[in-house]
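Colleague: Got chain F sorted already, so can you dock chain Y onto it with the hints?
Listed below are the residues making up each chain.
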Amino acid sequence: MGPLIPNGIIPEEWNSIIAIIIGIFFGFILESSGFSSSRKLAGVFYGYDFAVLKVFFTAALVSMIGVLYMDYLGYVDMTQLYVHPTYLWGAIIGGVVMGVGFVAGGFCPGTSLCAVAIGKIDAIVYVIGIMIGVFIFSELFELFEPLYNGYFYGNITLMDTFGVNPYWFVFIFSLIAIVAFLVSDFVRKRTKKIFY
Amino acid sequence: MNLDKITNKHIYWNPYFGGFLLGILMLFTFFITGRGLGASGAMKSGVVTIVDTVAPTHAENNAYYSKFISEDKSPMNNWLALEALGVLLGAFISGGLSGRIGWRVQHSPKITSKRRLIFALGGGILFGLGAQIARGCTSGAALSGMAVISSGGFLTMIGIFGTGYIAAYFFRKNWI
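The listed protein sequences correspond, in order, to chains F and Y. Note that this note's numbering has the first sequence beginning at 1, numbered continuously upward. Note that this note's numbering has the second sequence beginning at 1001, numbered continuously upward.
There could be a bad hint or two in this list.
To be verified - Now the stretches of chain Y that chain F is said to cover, found in silico as 3 or more residues with beta-carbon under 8 Å: (1) 1071-1085; (2) 1088-1094.
Stated by the list, open to error - From chain F, some residues computed to sit far from chain Y (all C-beta separations above 12 Å): (3) L175; (4) V179; (5) F186; (6) K189; (7) R190.
For the record, the hints were derived by calculation from the structure and aren't laboratory data. Note that the structure is a prediction, hence the values are computed from the model and not measured. C-beta: ideal position from N, C-alpha, C; glycine also.
Next comes chain F alone, as it looks inside the complex (with noise of 0.2 Å):
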């Protein structure tokens, strides 16, 4: 049945409504989670504030083991959603740019078109930064394009890679995510108290 637009369920025309609604939804729960908020987004590195594990990780669990449940009841087939691909290095070298960039400049791209929309004017030179930060990608594409289309293992899941089953992968993960939170409220409770 699912994806529906893919598979013509859904007319192609609405595609353009759909992403509008869907991006409304999703920056209505960024703001309200208060990930337009600098202060409490770096919170996750000081250990002062855990919101961003707690939404990122929740978020990752619910979507995984409903994609899952999905798939098993026959909504929606796992084989015709796009899984981002795998460039081995690529990947970990964009994540480790990206995390010196996140903690100097306190957002990432979603949440600092939050903070844009409530005003905040360090989140308007945050995304004239990340424009300039694709203009020098762009610009030196031919030095970064061993990188960006080198190690390529395919849209792969940890499913290919390690071989594990997808049940026994998110039962574990869950299990991790738990004892994340646990140790994050131990954390917080020993940590200097930030007001921001």
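Modeller: Leaving out everything else, chain Y in the frame of chain F:
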């Protein structure tokens, strides 16, 4: 009464509630469109549009811009750019309902606005660069990737947060 309003501004949803709704939204997005959410894609479209307008020949000759330029429609006319427009609207509604809207530079009292803005610009440049190398940001690569258990998505997530913790020491003056 006035004090109540000031403190209320900083009361956000329970993070597990927000995370649950975000997970449901991600699931719904995969169910409808077959793909996940994204954010940096819209900014890339913005850059492609600007370069294509200012220097069309240069954009067509560049191996990266030219991937996103087509004859019949603007580079801004794509799913991720429209979704980003929605994000702005949704965040504006949420911020408006809680009285959080207003022009300001948010920074730790220990640093100046100027310092905050310089670091915001530098952080943005790095994030923009990294998001192109990894083909997606925290939303498009890490979160959407994790939803379908993509190996690359998990790697990028570990890269972002692992490096964040290592780099945090050097940027601590900006935040704590």
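Colleague: For each hint, tell me whether it holds in the structure or not.
Modeller: Hint-by-hint comparison with the structure:
1. 1071-1085: The restraint on the region 1071-1085 of chain Y holds, since 6 of its residues have a Cβ under 8 Å from chain F and three suffice.
2. 1088-1094: Per the Cβ count (7), the hint holds.
3. L175: Answer for L175 of chain F: holds, closest chain Y Cβ roughly 16 Å.
4. V179: Given that every Cβ of chain Y is farther than 12 Å from that of V179 of chain F, nearest at about 15 Å, it holds.
5. F186: 16 Å, holds
6. K189: 16 Å, holds
7. R190: 14 Å, holds
In summary, this structure violates none of the numbered hints.
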